[in-house]
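**Q** Full structure from sequences and hints, please.
Spelled out from the first residue to the last, the chains are:
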Amino acid sequence: MTGIISYGAYIPYWRLQRSTLASALGSKGAKGVRAVASFDEDTTSMGVEASRIALRGVSEKYSPQSLWFATAEPGYLDKTNANAIHAALSLNTSVNAFDCLGSVRSGVAAVHAAAGGNSMAVLSDIRTGLPGGNDESMGGDGAASFCFGTENVIAELLSTGTSTSEFVDRWRTPGEKASKQWEERFGEYAYAPLVAVAFNEALEKANLTAADISHSIFSGLHTRAVKAAPQSCGINLDTLRDDFAATLGNSGTAHWGVMLANVLDTAQPNEVIAIVVLADGVNVILLRTTDAIVAHQKQQDSSLTVQAQIAAGRNDLSYAQFLTWRGFLHREPPRRPEPDRPAGPPSLRTAAWKYGLYGSRDESGFIYLPPSRVSLQSGSIDKMEMVRMADIRATIATYTVDHLAFSMSPPVVAAVIDFDGGGRFQCELTDVDPATVKIGDRVEMSFRRLYTQDGIHNYFWKAKPVRTGVK
Amino acid sequence: MASHGIRDKVAIIGMGCTNFGEHWNKSTDDLLIDSSSAALANAGITLDDVDAFWLGTMGSGLSGLTLSRPLKIQHKPVTHVENYCATGSEAFRNACYAVASGAYDVVMAIGVEKLKDSGYSGLVVSAPAGDGTQATVTAPASFSLLAPAYANKYGVDEAELKDVLTRIAWKNHRNGALNSRAQFKKEVSKETIAASPLIAGQLGIFDCSGVSDGSAAAIIVRVEDAHKYTDRPIYVKALSFVAGPAAGPIDPSYDYTTFDEVVHSATDAYKQAGITDPRAELAMAEVHDCFTPTELVLMEDLGFAERGTAWKEVLAGTYDLDGELPVNPDGGLKSFGHPIGASGLRMLFECWTQLRGEAGARQIPGVGQKDSVKTKALTHNLGGAPGACVSFVSVVGSKLD
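Residue numbers (this note's numbering), protein chains in the order written: chain A, 2 to 472; chain B, 369 to 769.
Please keep in mind that the hints were generated in silico from the structure rather than gathered at the bench. Source: prediction; values computed, not measured. Just so you know, not all the hints are guaranteed correct.
For lysine-lysine, the following DSSO-like pairs were computed, each having C-alpha atoms within a straight-line distance of at most 27 Å [stated by the list, open to error]:
| # | chain 1 | residue 1 | chain 2 | residue 2 |
| --- | --- | --- | --- | --- |
| 1 | A | K32 | A | K299 |
| 2 | A | K439 | B | K530 |
| 3 | A | K465 | B | K521 |
| 4 | B | K738 | B | K596 |
| 5 | A | K439 | B | K554 |
**A** See the structure below:
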């Protein structure tokens with residue numbers, strides 16, 4: 002049996018209230034909030050965070066054949082974005098890392114590919130549009146990650162269905178910050194016949210009827226087409242699951258992944274889940290939960306469910322800050338030099354540290370961050386073992402708020418943190434309110450894009466407050 | 369570990385120090401020409417009399433050519449040294465050793481820094497190519513970590529500590545107001561200091577040293593030659609420089625209330641100079657007040673106060689110009705700014721001036737006279753950040769032991 006053996010969703014901390022758009026621009030104010038990736042996040046870093054959650058649910062022996070990363074908003078072209086995720090997860094060099102880039106439909110491709118070979122599919126997206134537009138308001142940012150395998154499957158892959166058609170509904174040329182859309186009614190017309198074809202194909206292959214479905218997930222950027230689709234499939238509308246329009250916004254490539262993670266968070270064994278993705282055609286995936294999902298849900302950290310992450314968000318991001326973070330508002334920088342670009346050779350030499358957050362531990366147990374070759378006390382050389390710190394929590398030993406340092410979102414909150422079990426590290430805090438930081442606060446590590454210089458993204462780790470769940 | 373020192377083997381016979389400030393109309397070359405000329409004139413010699421040179425600068429030039437080109441030095445050894453904020457002191461230390469070794473008769477130590485041409489706020493240091501994982505905190509942020517740690521360890525409440533830090537800035541500005549060479553030559557009220565906008569942590573803009581340009585120079589000869597040039601040479605009693613494993617930022621046992629490197633270099637320097645009670649024996653001290661909490665912690669690391677008591681001593685005026693042990697009588701980095709390569713030699717210039725009784729309005733009472741009891745002065749620099757710094761301590765004196 003092939004299927005999902007673990008999963009994780011990542012919802013960024015920040016929320017923009019749609020009403021703030023109305024007050025800033027005088028436009029019509031929609032209800033609810035949208036999730037916003039912080040200034041130090043991108044689709045790659047969010048993919049890492051979702052995948053870290055997913056990998057918590059698999060045995061240490063699990064090694065995927067490949068990691069498939071899908072996004073419509075890649076950090077790089079030419080260079081494979083999946084490699085940074087691969088490195089941050091400290092996967093073996095024998096594990097493939099591939100991108101499926103550019104279109105919202107790529108997420109389906111990543112899952113198809115991963116399901117075929119005991120692999121991981123990582124779906125991530127940052128959605129916005131021109132100020133005042135619908136995409137800006139109704140979009141959302143997030144990521145989801147799925148580990149596929151054949152043992153301890155929690156959701157078996159039953160079948161897939163597809164229909165593909167070329168038509169101009171939504172498009173964006175590379176480099177553009179916002180996409181464009183044809184007249185909405187045209188897209189609705191174009192999608193309508195495709196839905197039933199793909200849906201029925203999947204049902205037939207799985208030997209199921211629409212009535213067998215317990216949870217249905219409809220996703221796509223064309224809101225009207227998505228809304229009309231369930232009826233054309235003939236499913237019970239009570240099975241429609243939360244699309245998070247009010248609480249997160251539409252996270253494009255990642256959206257159905259986030260919705261699926263939410264369903265898996267609470268699904269019972271032996272339930273059929275239908276996923277219908279409307280993106281340049283229609284793709285349908287049918288899954289059936291297994292008995293193993295109960296144990297999986299039990300071991301899951303309650304602070305990492307989709308609902309818990311939604312609840313933990315902070316909803317007072319200002320519109321000006323949002324525009325700055327997304328590059329629509331160029332603000333006066335501090336009179337400080339911009340940071341240096343991370344250099345290629347040192348970044349390769351220290352990849353275990355920079356991406357995997359490995360320290361070194363000497364004979365006495367002292368942990369060095371970054372890894373050191375020489376012991377502080379004994380002076381012995383190369384008597385070290387490497388130790389991964391990324392998933393260990395820490396406590397703030399001291400901190401300061403730096404109003405002078407260069408940052409896209411000043412002030413910088415710098416902290417000295419002590420890891421549980423040893424290891425001290427000075428790093429930046431993120432997703433934090435400078436006014437409420439205290440010595441003794443608990444923090445956990447988060448993979449971030451610190452800054453971009455000369456087109457090179459500087460990925461590294463920051464600490465963020467532990468907000469909910471396990472103490 | 370042996371550290372024998374060179375007590376009373378070499379002497380300073382002349383010094384020069386430019387005004388410190390925003391020298392929009394002077395280049396690095398101009399500052400070097402001005403300070404070296406003043407030092408030579410002060411010693412009563414010419415450039416031809418100098419056998420070798422040690423130039424300290426962190427970012428205003430590379431190699432000995434930075435000095436030999438503007439001064440038109442005719443084919444002599446010029447050594448460029450850099451050691452963070454102790455750069456100027458490091459030039460002095462190595463110049464002294466060269467004379468003590470017998471290699472040269474007359475040498476010059478000179479430091480310079482031109483900070484104001486960068487156009488940036490604060491100090492900017494370019495780093496070698498790296499992997500982008502180095503913490504990007506600024507100097508004020510690094511040093512601001514000292515304040516809450518100190519307050520927490522010794523039970524000083526936040527408002528009280530703010531008063532202590534404010535008084536340090538107030539004292540140094542008050543001293544600087546009496547110094548024509550200072551960047552800031554006026555007193556600043558405690559209210560203004562306490563209300564200044566925050567830069568990092570608890571530190572307001574008045575808790576930070578300024579950014580300025582400047583240069584200072586010293587001429588050094590063997591002790592036995594010193595009286596050929598001046599009746600009042602200043603003798604080198606101790607020179608100690610320490611670099612540590614920089615383990616503070618990675619060692620959970622480091623608590624941000626001390627600089628281990630300073631303790632080590634002070635201990636070494638006092639041993640070289642034969643000093644057992646620095647607070648009682650020293651006439652004055654010039655210490656590295658890059659930020660107000662630095663000076664607070666230094667009072668304990670240098671042995672001027674018992675652990676946990678420096679904050680009370682500061683409030684009691686112990687380190688005022690007319691206090692028991694005047695600290696930064698020239699106004700310190702607070703009043704002078706911190707042109708890296710020049711600072712250590714600028715501090716030495718104040719020792720030179722005070723111990724010879726030439727400090728005018730800010731002359732420390734009872735110091736610099738023929739019958740003065742206290743005849744020794746200390747300079748101190750540190751560079752880096754708490755837990756990962758270099759430290760320099762020198763002791764100089766107007767009498768041979």
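**Q** Look at each hint and say if it fits the structure.
**A** Against the structure, the hints come out as follows:
1. A:K32 - A:K299: With Cα atoms ~34 Å apart, K32 (chain A) and K299 (chain A) exceed 27 Å; violated.
2. A:K439 - B:K530: holds (18 Å)
3. A:K465 - B:K521: holds (26 Å)
4. B:K738 - B:K596: Status holds; Cα separation ~19 Å.
5. A:K439 - B:K554: Since the Cα atoms of K439 (chain A) and K554 (chain B) sit roughly 37 Å apart, the hinted pair is violated (cutoff 27 Å).
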